[in-house]
Each structure stands twice: as structure tokens, then as C-alpha cells.
Amino acid sequence: MESINESERKKILLQGNEAIVAGALAAGCRFFAGYPITPASEISEILSVKLPEVGGTFIQMEDEIASMGAVIGASLAGVKAMTATSGPGFSLIQENLGYGCIAEVPCVIVNVMRGGPSTGLPTSPSQGDVQMTRWGTHGDHPIIVLAVSSVADCFSVTIKAFNLSEKYRIPVIILSDEVVAHTRESVTLPDQDQIRIFDRVKPDVPSDWYKPYADNNRGVPDMAAFGDGYRHHVTGLVHDEKGFPTQDSQEIDKFLRRIHTKISKGFQDIQITKTHLMEDAEVCVIAYGSVARSALRAVRDARKLGVKAGLVQLVTLFPFPRKAVDTYLRQCRVVIVPEMNMGQMSREIGRVNQAGCRIVKHNRIDGQLITPEEILKHLTTV
Amino acid sequence: MLECAEIIRKEYLRHDKKFPHVWCPGCGNGIVMGALLRAVHSLGLDKDEVVLASGIGCSGRMPTYVDFNTIHTTHGRALTFSTGIKLARPELTVMTVMGDGDSTAIGGNHFIHAARRNLNLTAIIINNSTYGMTGGQYSPTTPYGSKSTTSVYGHVEHAFNIAELAATAGAAFVARSTVYHATHMEEMLKKGIEKRGFSVIEIISNCHVQHGRRNKLGGAVEMINGFKQRSVTIEKATKMSADELEGKITIGVLADVEKPVSTEEYQRIVEEAKNKAEIITKAKEKNGVKRYEE
Numbered sequence: 001m002e003s004i005n006e007s008e009r010k011k012i013l014l015q016g017n018e019a020i021v022a023g024a025l026a027a028g029c030r031f032f033a034g035y036p037i038t039p040a041s042e043i044s045e046i047l048s049v050k051l052p053e054v055g056g057t058f059i060q061m062e063d064e065i066a067s068m069g070a071v072i073g074a075s076l077a078g079v080k081a082m083t084a085t086s087g088p089g090f091s092l093i094q095e096n097l098g099y100g101c102i103a104e105v106p107c108v109i110v111n112v113m114r115g116g117p118s119t120g121l122p123t124s125p126s127q128g129d130v131q132m133t134r135w136g137t138h139g140d141h142p143i144i145v146l147a148v149s150s151v152a153d154c155f156s157v158t159i160k161a162f163n164l165s166e167k168y169r170i171p172v173i174i175l176s177d178e179v180v181a182h183t184r185e186s187v188t189l190p191d192q193d194q195i196r197i198f199d200r201v202k203p204d205v206p207s208d209w210y211k212p213y214a215d216n217n218r219g220v221p222d223m224a225a226f227g228d229g230y231r232h233h234v235t236g237l238v239h240d241e242k243g244f245p246t247q248d249s250q251e252i253d254k255f256l257r258r259i260h261t262k263i264s265k266g267f268q269d270i271q272i273t274k275t276h277l278m279e280d281a282e283v284c285v286i287a288y289g290s291v292a293r294s295a296l297r298a299v300r301d302a303r304k305l306g307v308k309a310g311l312v313q314l315v316t317l318f319p320f321p322r323k324a325v326d327t328y329l330r331q332c333r334v335v336i337v338p339e340m341n342m343g344q345m346s347r348e349i350g351r352v353n354q355a356g357c358r359i360v361k362h363n364r365i366d367g368q369l370i371t372p373e374e375i376l377k378h379l380t381t382v
Numbered sequence: 001m002l003e004c005a006e007i008i009r010k011e012y013l014r015h016d017k018k019f020p021h022v023w024c025p026g027c028g029n030g031i032v033m034g035a036l037l038r039a040v041h042s043l044g045l046d047k048d049e050v051v052l053a054s055g056i057g058c059s060g061r062m063p064t065y066v067d068f069n070t071i072h073t074t075h076g077r078a079l080t081f082s083t084g085i086k087l088a089r090p091e092l093t094v095m096t097v098m099g100d101g102d103s104t105a106i107g108g109n110h111f112i113h114a115a116r117r118n119l120n121l122t123a124i125i126i127n128n129s130t131y132g133m134t135g136g137q138y139s140p141t142t143p144y145g146s147k148s149t150t151s152v153y154g155h156v157e158h159a160f161n162i163a164e165l166a167a168t169a170g171a172a173f174v175a176r177s178t179v180y181h182a183t184h185m186e187e188m189l190k191k192g193i194e195k196r197g198f199s200v201i202e203i204i205s206n207c208h209v210q211h212g213r214r215n216k217l218g219g220a221v222e223m224i225n226g227f228k229q230r231s232v233t234i235e236k237a238t239k240m241s242a243d244e245l246e247g248k249i250t251i252g253v254l255a256d257v258e259k260p261v262s263t264e265e266y267q268r269i270v271e272e273a274k275n276k277a278e279i280i281t282k283a284k285e286k287n288g289v290k291r292y293e294e
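Protein sequences, first through last, are from chains Y and G. Each residue of the first sequence is one higher than the last, beginning at 1 in my numbering. Each residue of the second sequence is one higher than the last, beginning at 1 in my numbering.
Next comes chain Y alone, as it looks inside the complex:
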């Protein structure tokens, strides 16, 4: 048999949802709990086949509340866990998502966005859940939200999501949308040994000394799994260093500030943006998700017409990459923010716009993808 060329060998045709599965498995995900929902169902279906093959567990729960509960349970037992859903299911996930934040449980939640509110547009793309990822669950809490815009992204961002969740002991949300989920593209996946995997830090002290929520220099306590011999307590109540409920205002303040600062300490690591043709750009598009694809095409077309256009693609939506965005707001004359919602991310951009840059919103909520032509029109007229 002829040997096959290295790069050709690894080029494969995948759908966005399939690439999320491949990324999750490569990252070490070995537990999935979910509930059927369009347009995320392929993730469940494929994992129900693949997980047992690698010794993992798939379970279809009675609803998304239960899915999120099972995911947190599995993670506390030491297994990397994930769920996938769309808007209506994501509404139900909010309850236990808050539990994941306060109990600092690493896990990944994929939300393949469809049109809303309520049952909305089950088979049409949307970006209507952006602010919900940040503020959907009650109480002050940190969260990490990453957006995917291509099949290749689905693979690499899913791995990143697992790594960040393990590193910072926090639920990480991946925002996909119907277009990315169901688009088939050829991608080149790296070999497993080329992928950097981060696993949660486990305690190595005797069980009597273990304090499951004690601060350290990273702000992220070491995490024992149930069954490891540490016999610790986990609760959704605000707790002290030992994990027991507390009403002491000093302990409360210390704890809640720590779960926020552990994320702000890691901003450099967490806040990811990609830029295209930004070196000399005077006009730029800030976009994320499938809209970033249209935006890239529009920027390239605008360059051909002599417009100094560039694209800033947000991979991390929250914590909002303020520093990077601020740089481009200062650099550019006009910033165009196309979104498949009424302006959920442009709110954030406006919030950090100290340079007084002109921000042009472009919003589409009719269940259709924003086309490159629509963005190009802005780029050539502003």
C-alpha cells in the first residue's frame, strides 16, 4: 500500500457539531448528559456511540436541569464532563450552572444557539443568548464564554474550553449557532500528542489537612474527587475554606471575591481574540460566531476596493476582552458590530468605548445569516 501524504491523511470532512465531539474527546471528556434538542442533538447522538468506546459514559436525562446536575456530579467524581443544548434547554441549565460556579466545578456547556425567545426558531441561527450566558443564573458570579465560528474552531475551542474549566475550576460555555453546527467543512485535526491538555490540580496533602476551598497563589483550590479518600463537603451555600456553610461576613466576602479574582488573574490566558488585516486598519468589524465568517469575506472585499478594513474576531466573549477591544477602538475611526441579535455584544463594546470611537450596529433577527454584502455596504459607506 502506498504511504499517504501526511497533511492529506488528516484532512477530513466534519460538521460543526461533530468537531465539538472530536474536540471534547481529545480534551479528555468522558461523561456526557443531555436532553434532545435541535440543533444540538448530533452532539448527543455521536457521543452516545463514541463515549463507551473510550470507557466513558453517556446518559440521556429527563430534562436539561437533570443533565446539568449529572454533569456536575460526574465532574465532582473526577471525570471531565459536558452537556450540549440550545436556547430553551439553556434556560433550564441556568439553575445548576450557578451551582457549578459557587461550588467551583469544572464542566463544559455547549449552547448551539437558535432563534428565540421561547421555542422561537428551532432550525434557524441566532446569537440571542449572548448576555444570558453572562447573567443567566442568579447572583454575582464569574463565567467563561467562548464562541466558535468554524468547524476548525469547534475542535480547538472545545479543547480550550475544557482546559480553562479544569485550570480555573469553573463552568465554561461554548456558544455555537445553527450555521456553525450544521456546516460541513474540511479540517485538519492535530494528532492527540500535539494537543495540550490541562487536568485539574489534585491535592497531595493528607486528608486531615485538606481544605477544599482554601485560597492559594493561583486563587484556584486543589480539587479532590469523591472516592479519593478526602471525604469533603460540597454545597451551593456560601462556604468557608473547609466547604461548610458560613454566615460570617468576612468569610463570605473573602470567598466571593476569590471566585471573581481567580478569573481576573487569568485574563491574559482566558481572553482570546483573533485579528485579520488589522495592522493598518482604519475601519474594523468586531464579530464572533458564524457572523465573523461573513465579516472576514467583507473585509477582504473592502480591501480590494481600497478601504483599509480589518476584522477583530472575539473568541472569548466573557470575561469581555476589554483590553484588546480598547486598543482597536483607539486605532479605528469606525467600528462595525454585526450581530444576529438586537445588539448584545455591541452593548459591551459601547461600555468600554472610552476613546469615543463611532460604533455602527448591524442587527439581523429574521432567522437568516448576515451576508458579507451587508457588512461590505457598511465598510464602504462609513
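Treat the hints as calculated values from the structure; they're not laboratory data. One or more of the hints may lead you astray.
[What the hints assert, rightly or not] Interface residues of chain G toward chain Y, partial, derived using beta-carbon atoms under 7 Å:
| no. | residue |
| --- | --- |
| 1 | N69 |
| 2 | T74 |
| 3 | F81 |
| 4 | T83 |
| 5 | N109 |
| 6 | H110 |
| 7 | K236 |
[What the hints assert, rightly or not] Quick list of in silico lysine-lysine cross-link-like pairs, DSSO-like style, CA-CA up to 30 Å:
| no. | chain 1 | residue 1 | chain 2 | residue 2 |
| --- | --- | --- | --- | --- |
| 8 | Y | K274 | Y | K242 |
| 9 | Y | K211 | G | K17 |
| 10 | Y | K167 | Y | K211 |
| 11 | G | K282 | Y | K11 |
| 12 | Y | K202 | G | K17 |
| 13 | Y | K167 | G | K274 |
A quick note: this is a predicted structure, and the numbers were derived from the prediction, not measured. Ideal Cβ placement from N, Cα and C applies to all residues, glycine included.
Knowing the structure of chain Y, use the given hints to seat chain G on it.
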């Protein structure tokens, strides 16, 4: 008994946790906790391999006090967390303690599905006919006509029979006891923990502070004495008419069936899938093709 109490205190209670507990004097929750610890002790389970999960409410505080792997989850969702823990680590003994509102109102869906699914889990339901912690509102097991802070004119809805609900939903083992019958309860808990499959032990308990006071049922002593007087064993109950059973509490093992346990069934699937995948991977590697490219 005294010797056992000393072992329980030394071995099974958390001493780094600030006692006293949150329960009112005379509450049945402590009796349940004692029986549960004695059951675990007499079964000789390794504390490192025991998980106690709970939901929200007075019963929800129990895991805080005991020296196992413990988790206090969200309201009604304890069984979903237990499901994840058990599937991730099947070797652990996972028990879930819930209240009546916790398990059959907000958590009713999870409860019936856990019973249907038949994982190897134990559910302990402390049924005190009210939401005690929030101030005595009516729950799914508040008797018809009873008074509560949300049914001051008398309750117009009908109560769930939790044990029957569990049996109908498919639980492999269902038993009932009361906080009067401490040693009987311990036996039921032991049987439930040992049972392969989903087991439910419903324990009738007193909330004299919220439910008893509003319905003139007396204090803790009177209420617990009432359980003694109203209880009939399942053996006796089968010989009694429906009229005779009115107002009685049937105690004992109400259901005990053998059926495939999904935790074990899934383990079998994993083994088969792993073997099959290994054969395919080997064959493909032989032909120079990698796994992703199927």
C-alpha cells in the same frame, strides 16, 4: 446501643463542623441520621466509598454533619447529581436524602425517572408533610383538609403516597418506616442500601413546629406516639380492608423486585464497545488509517 452511639459520635460525625445542627428540638431528622449511620456502620462500608447527597430543606443539611463524601445540591435535583456521581464512579455507594417537597414537588420528575432508570442508588425520603424550613407551607404530602401557612382555610388538594409512587415508577426496592421505629428504620435502610437497583425508603417524620402545631397534633412526643399507634406492618395490612387502613401507616418492605440494574448494564455496553473499537483501531492502523477518519 450506648457503645454504638459512642462509635457513631467518634467515627461518623464531623467534628470540624460547627455543631449544633440546624434542626429544632424533637425533630425526626436526627433519628433518621442516627439510623442511617448505624446502618452504614453495621454494613461495614468504607467511609471513603460512601457518598451522601441531599437537596434543599431541613433534610438537606444532613450531609454537612456526617463524615462521608457529601454534597448538598440544589432544590429537588439531588438525584441528578447522584446519577452523575454513580455513573462516573460505579464503585461508590451513593445515597440521597430528600424531603417530601424536595423529592415529589420540585424534584418529582427526577424522582420518577430515577426509579424508572434503576441505577444502583438509595433514596431516603423524610416525609414530614410540610415545607418546614420555609415556614410550614403545604407540600405534596400535606393531608387533605390540613392547615398550613398557605392553606389556612384547609387544604383542598390530595396527598401523594410516596412509597406507592416509587413502586409504580419502577423502583426495585420500596420500604416505609417512621421515626418512632428507629431499629426497624435501620433494618429498612440496610436492606435498601444492600439492594442492587434503585431503592426508596420513605420515613414518616414529625414537624411539630410547623405542621403539628397548626393541626393540633401536639408536640414531638405526641406526634411520634401517633406514628406508633397508626402504624401497621405490611403483613397485617394485606389482611385489612381499605376502610380499616384509613389513616394508618403501612410499614415494612412494600416492593422488592429483581431487574437489570442500568449501572451494571451500561458497564457491559462500555466493555463491548471498548473491545470493538480496539479491534477496529488495530485493523485501521495496520492499513495506515487513523481513527478520526472513519
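Taking the hints in turn, this is what the structure says about them:
1. N69: Since chain Y brings a Cβ to about 4 Å from G:N69, closer than 7 Å, the hint holds.
2. T74: Holds, about 5 Å.
3. F81: Cβ of G:F81 sits 4 Å from chain Y, so the hint holds.
4. T83: With Cβ-Cβ at 5 Å, under 7 Å, it holds.
5. N109: holds (5 Å)
6. H110: holds (6 Å)
7. K236: violated (37 Å)
8. Y:K274 / Y:K242: violated (41 Å)
9. Y:K211 / G:K17: Given pair Y:K211, G:K17 holds - Cα atoms ~13 Å apart, limit 30 Å.
10. Y:K167 / Y:K211: Holds. Y:K167 to Y:K211 sits at ~18 Å (cutoff 30 Å).
11. G:K282 / Y:K11: holds (21 Å)
12. Y:K202 / G:K17: Holds, at about 23 Å.
13. Y:K167 / G:K274: With Cα atoms ~29 Å apart, Y:K167 and G:K274 stay inside 30 Å; holds.
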